[in-house]
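What follows is each chain in one-letter form.
Number of protein chains: 2
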Amino acid sequence: MEELIAQIREATGTNVGIDEAKRIIASFLAAGDFWAALPYVDQPFNVAAETAKALFDRGLVEFKNSEILFTEKGKKWLDEQRIQPLIISTCNNCGGRGISLQSFSGLLKRFKELVKDRPEAIVEYDQGYVTPETTVSRVAFLAQKGDIQGKDLLILGDDDLLSIAAALSGLPNRVVVVEIDERIVNFINNVSKRENLGIETINLDLRNPLPENILRSFDTFWTDPPETVEALELFIGRGIAGLKGPGCAGYFGITYAESDKFKWRDFQKLITGKLGAVITDMITNFNEYVNWDYLLETIRNDIEPLTVYPSLNWYRSTQFRIEVLKDTPVYNEPATGKEIYVDKDALVFTGMDREEK
Amino acid sequence: MEELIAQIREATGTNVGIDEAKRIIASFLAAGDFWAALPYVDQPFNVAAETAKALFDRGLVEFKNSEILFTEKGKKWLDEQRIQPLIISTCNNCGGRGISLQSFSGLLKRFKELVKDRPEAIVEYDQGYVTPETTVSRVAFLAQKGDIQGKDLLILGDDDLLSIAAALSGLPNRVVVVEIDERIVNFINNVSKRENLGIETINLDLRNPLPENILRSFDTFWTDPPETVEALELFIGRGIAGLKGPGCAGYFGITYAESDKFKWRDFQKLITGKLGAVITDMITNFNEYVNWDYLLETIRNDIEPLTVYPSLNWYRSTQFRIEVLKDTPVYNEPATGKEIYVDKDALVFTGMDREEK
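Here the protein sequences come in this chain order: A and B. Here the first sequence stands for residues 1286 to 1642, numbered as in our numbering. Here the second sequence stands for residues 1286 to 1642, numbered as in our numbering.
Just so you know, the hints here were simulated from the structure itself, not pulled from any lab data. Backbone N, C-alpha and C define an ideal beta-carbon position, used for all residues, glycine too. Keep in mind that a hint or two might mislead.
Okay, derived cross-link-like pairs now, BS3-like style, lysine-lysine, Cα gap no bigger than 25 Å in a straight line [stated by the list, open to error]:
{"no.": "1", "chain 1": "B", "residue 1": "K1401", "chain 2": "B", "residue 2": "K1478"}
{"no.": "2", "chain 1": "A", "residue 1": "K1611", "chain 2": "B", "residue 2": "K1554"}
{"no.": "3", "chain 1": "B", "residue 1": "K1559", "chain 2": "A", "residue 2": "K1611"}
{"no.": "4", "chain 1": "B", "residue 1": "K1554", "chain 2": "A", "residue 2": "K1554"}
{"no.": "5", "chain 1": "A", "residue 1": "K1361", "chain 2": "A", "residue 2": "K1338"}
{"no.": "6", "chain 1": "B", "residue 1": "K1478", "chain 2": "A", "residue 2": "K1611"}
{"no.": "7", "chain 1": "A", "residue 1": "K1361", "chain 2": "A", "residue 2": "K1349"}
Derived coverage of chain B by chain A (criterion: at least 3 residues anywhere in the stretch with Cβ under 8 Å from a Cβ of chain A; other residues may be distant) [stated by the list, open to error]:
{"no.": "8", "segment": "1365 to 1377"}
{"no.": "9", "segment": "1605 to 1619"}
Okay, chain A solo, but in the shape it has when bound:
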């Protein structure tokens, strides 16, 4: 086991412990497939991939496409290490979100129709969009928390097209989208005009401050920042700057796929410390991302499972909800030219940064 851990640590530059490695292996055992295990490993993609490779290098597993099969030697080793499979009990009815879509089935159907010809995810802005079920679950979550009905909603980055689902529900008073990608701005504008949804869009790079006329104007913000501490601080800071004040809420997703647990702790310290908000909810694996076209081109391909396009959506994130308190500070400084997309855990290197890294 020590040797195996040493290999993972060296190859990934992380500090993975024995219990963490055992949890990854227990996920492989439970799912039997590399991609299907990923929502449960709770570790960066690269760490999971290297663990599969380390098992393979020692003859403990074989691969068959993306399947991971333990060999006889592997089975004996599992017994010695007392590693047993995870028992995955994710609720079938709600996909583990805890929130039923029953009251929103009409919305889901209509939303799917409207976004059929949506712009595809592109590498330049670190995009990747969630399933329609996820987007509508977001509306349901907002509605359960009272953060959308009669409320003013600010969406910072919207390749998931939450603005369309939110406006279609008829619940919000106002929906404003700030988005860097002109293709998405145009798509939202077209749908909004055709369906009379009244969505307002602003084409802006969030490294610039929020425009004065939308500061302190919203009850709720939603964003999905790139997973670096810099981006999180920037996006959530902008979101908070858009809120009216205490009791207003912010929503965003964080993955394990691109952030190890040290970074998660840094995020949590940042949110509750410098940013001064409280974390009220965290829903594990809430956000299910549709596999993006450029996936296999951008990841390593040194073991068989990584050369097989996944047959299911594997990229998930935990949905955070935060609330602003009386003493929460407001930041809206420019961060022009700042690198916000890439750090050591990044799964995908954006066009401009790939060479350097």
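Got chain A sorted already, so can you dock chain B onto it with the hints?
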């Protein structure tokens, strides 16, 4: 609205904002019943109670037993304030936990039989136990995370009898309970002996350090601390001191009923800061408590709903899971004589402290 907020603030000594008060009122509207609304108000019990009273004082609602009915004047006021009901979409299948009990139905049945004659909750130790479904959901959650199968489990305070459900599942390698209440220690010992479960018990007040022979010995701890910063630091600190090291996990519940959001933020800063752990999961309303016998004797009774024993379980808590990292420090100092049960948000004043407060 300002007057109403002022009354709530003055009567409760809190800093409730307009959006927070609106969320409480939106919960009353959605549930139509004081007790049924409580899992959704996300505020201390006393703040919810005072909000109901403030609405009543202004003729905006009437009470019928524990029902809250908006008057004509109240309905007009709701329109003016743009307050709409929460849309509660909690999944029926999993009770909103996201985890199905399907694989554990046999365990649930057997657990219910074994704990039929459990000790009742007593005020002295701030007790109140969760439903059997909750206890077995804890086992399912542990198993989904790989924190119980083949693992050594430490339970700090166990009026919920998790030790019995865990041992009955046959999953853990070792289960140790540290518990202050001799009645519970005896009950667990009796069941364990009769059913040959091998649970180890230690009768100890956690203000004392953990015994040397169980330090750094466990993969997982579970605790349910009283809701003061002092108690949280003490209980979680003890739990971490019992863990083997990085990658090991801790579980505990926190409510809104007894902790406002400033205290939640303090908890989160404590966990990620001084205690040095990362929060990996938070499952809202995971823990459902059975109404305890002494409930109505210990709360205010100045409005009608508070004089009617609730017909459903209303007291919930959010289930936290944390993980220990490589740099997480270990504390095990004595805290003898320290007040850990009561602060301004406490719902129930324990025997020894009620007079002073």
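Quick one, are A/K1361 and A/K1338 close enough, alpha carbons at most 25 Å? The hint holds at about 18 Å.
Can you confirm whether the C-alpha distance between B/K1401 and B/K1478 stays at or below 25 Å? holds, 17 Å
Holds or violated: A/K1361 and A/K1349, Cα atoms, limit 25 Å. holds, 20 Å
Quick one: see if chain A covers the segment 1365 to 1377 of chain B, three-plus residues with Cβ-Cβ under 8 Å. holds (count 11)
Are the Cα positions of B/K1478 and A/K1611 separated by 25 Å at most? violated, 53 Å
Are the Cα positions of B/K1559 and A/K1611 separated by 25 Å at most? holds, 24 Å
Given the hint that A/K1611 pairs with B/K1554, does the C-alpha gap stay at or below 25 Å? holds, 17 Å
Are there at least three residues in the segment 1605 to 1619 of chain B whose beta carbon sits under 8 Å from a beta carbon of chain A? holds (count 3)
Between the alpha carbons of B/K1554 and A/K1554, is the straight-line distance 25 Å or under? Between B/K1554 and A/K1554 the Cα gap is close to 6 Å, so the pair holds against 25 Å.
In summary, the one numbered hint that this structure violates is 6.
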